[in-house]
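A.B. asks: Residue-level listing of the chains:
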Amino acid sequence: MLEKKTITCVACPKGCEITVEHDGDEIIDIMGNACPQGADYAKEEIIAKTRILPTTVRVKNGALPLCPVKTTKQIPLELMDQAMNKIGKKEVEAPLKVGQVIIKNLLDTGADVVATRDLPAN
Amino acid sequence: MIKIKKDVVVIGGGPAGLAAAAKVYDNGIKDVMLLERDFELGGILPQCIHNGFGLHHFGEELTGPEYSQRFENKVEERDIEVKLDTMVLDVTADKKVFAMNKDQGAMEIQAKAVILAMGCRERTAGAIGIPGTRPAGVLTAGTAQRFTNIEGYVPGKKVVILGSGDIGLIMARRMRLEGADVKAVCEILPYTGGLTRNVVQCLEDYDIPLMLNHTVTKIIGNDRLEAVEITEVDENMKPIPETSEIVEADTLLLSVGLIPENELSKKADVVLDDRTGGPIVNEGRETNIDGIFACGNVLHVHDLVDWVTEESEIAGEWTAKYVKGDYKRSEQKMNVKAGENVAYVIPQSIELDAEDRKRIPLYMRVDKPLQAVDIILYADGEKLYSFSEPFAKPGEMISVPLAQKTLDDLDEVSEIRVDIIEKEEE
Chain A
0 MLEKKTITCV ACPKGCEITV EHDGDEIIDI MGNACPQGAD YAKEEIIAKT
50 RILPTTVRVK NGALPLCPVK TTKQIPLELM DQAMNKIGKK EVEAPLKVGQ
100 VIIKNLLDTG ADVVATRDLP AN
Chain B
0 MIKIKKDVVV IGGGPAGLAA AAKVYDNGIK DVMLLERDFE LGGILPQCIH
50 NGFGLHHFGE ELTGPEYSQR FENKVEERDI EVKLDTMVLD VTADKKVFAM
100 NKDQGAMEIQ AKAVILAMGC RERTAGAIGI PGTRPAGVLT AGTAQRFTNI
150 EGYVPGKKVV ILGSGDIGLI MARRMRLEGA DVKAVCEILP YTGGLTRNVV
200 QCLEDYDIPL MLNHTVTKII GNDRLEAVEI TEVDENMKPI PETSEIVEAD
250 TLLLSVGLIP ENELSKKADV VLDDRTGGPI VNEGRETNID GIFACGNVLH
300 VHDLVDWVTE ESEIAGEWTA KYVKGDYKRS EQKMNVKAGE NVAYVIPQSI
350 ELDAEDRKRI PLYMRVDKPL QAVDIILYAD GEKLYSFSEP FAKPGEMISV
400 PLAQKTLDDL DEVSEIRVDI IEKEEE
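Residue numbers (numbering that gives the first Met the number 0), protein chains in the order written: chain A, 0 to 121; chain B, 0 to 425.
Only chain A is shown next, with the shape it has when bound in the complex:
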């Protein structure tokens, strides 16, 4: 069935309103995007939503009890709760460096979980 959906692009803060015409997973037309990233984004929004997951991980002996982390690439939206569970069970030892890998290949997504700041030991 042919459907039309309007999506607000979040590839950048500009927030283009993109209209996608699609038949199930088949994309017929994409309109209103100011750049190619917008077209890619709109396509993904129809077929499978993916997002970066930023969260925190517990730290032993750190200057702070938590270190902020993120996935190195977008992971499927429906995996967020599972991903949070997995990251929530992890504890790491300070000091940490920005970019340091905390969990490799999270839930077989191909994305690593990395520290997003330097965190000195206590």
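Calculated directly from the structure, the hints in this document are not laboratory data. Only a predicted model underlies this, so the values are computations on that prediction, with no experimental measurement involved. Backbone N, C-alpha and C define an ideal beta-carbon position, used for all residues, glycine too. Check each hint, because a few of them may be wrong.
Reference listing, derived: stretches of chain B covered by chain A, where coverage requires no fewer than 3 residues with Cβ under 8 Å from a Cβ of chain A [as the list claims (entries may be wrong)]: (1) 41–50; (2) 62–71; (3) 148–160; (4) 193–204.
Given the coordinates of chain A, work out where chain B should sit on it, guided by the hints.
C.D. replies: The following block gives chain B in isolation, referenced to the frame of chain A:
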């Protein structure tokens, strides 16, 4: 009391202070001191662990801590004197900065120029006066963000958020991901105050309802919050009593606006703008006091840190010029005025003689959201030029470049005005 002399003192080590200090240094003034009251640099960024920072400035998407780290590194690589855990108590119009910390006690720092970069703080429950009791569990979204992301405590399990500012939207997702039941985000206005991308990624992704034209009319609970009363409002923002519903909640987060923190500015006789809550500045971000500059959220509340960086680098550049004696305010001052549907424009005046300048970015926000707009600039009432944008939203700052060439062609103009109006049908 220790007495110190410095070329430039920067007050505040958040994104504004960091970018300004590095820029002053890079423009040849090396005697720079940066004062920060926290135990580390970065300001609010270390607790903004979400992604979405840096798309304009770095052309890549970073989290708050990563964005901050880049500028912390920049300051560290330069020979800038950073004092942490240091509280500034007073600033005078003749640029004496009084500060103190545990190691050195009280200090009097005589500066040639001062950059105000103290940021802003959140409006609290007291500022909006919600009726009802005063139980635990009512806190600002930023406080909840600090508890959750820095200190390791999730402040509640059943959450209602009042106000759809960006921090409220971000915290809706954050608390949902940490296992809380986020019941709704209430917004008294008919539109959100946050970025569209945050409405999509934080609310729509997790099916969290955004209740526009709704507000919290009662807080219920003794020791701990037990419930809130949510009521629809009419077009005059007056609650419609028959629409009230009681929603069980142990936590109410407030995301109801930010206020530039200008207590120190006032002590230095800096004149503030009623609309922005920050100092009135010229295009170099210099206040009414010679040699006292302001940038970042102390000047006006920004939606994106990228704009804070851009503005702070402008302030840093002109501060260096000031110390070197490279400019003076010109005799003819051009006022920049917010016209139709424009809430404010920064800078409020253009008065500096500058060589090799190509353009002056004018930062502004609209009063109400509009689809398909014309942004029109006038010089003393005469139309200069205009251009179109697909939409304008109060939550999203608009940057309009004013070309130096245009300025050069203007003779004896005393006012530039900007209107942002609905586009006329062609």
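A.B. asks: Does each hint fit the structure? Answer for all of them.
C.D. replies: Taking the hints in turn, this is what the structure says about them:
no. : hint    : verdict
1   : 41–50   : holds (count 4)
2   : 62–71   : holds (count 6)
3   : 148–160 : holds (count 4)
4   : 193–204 : holds (count 7)
Of the numbered hints stated above, none is contradicted by the structure.
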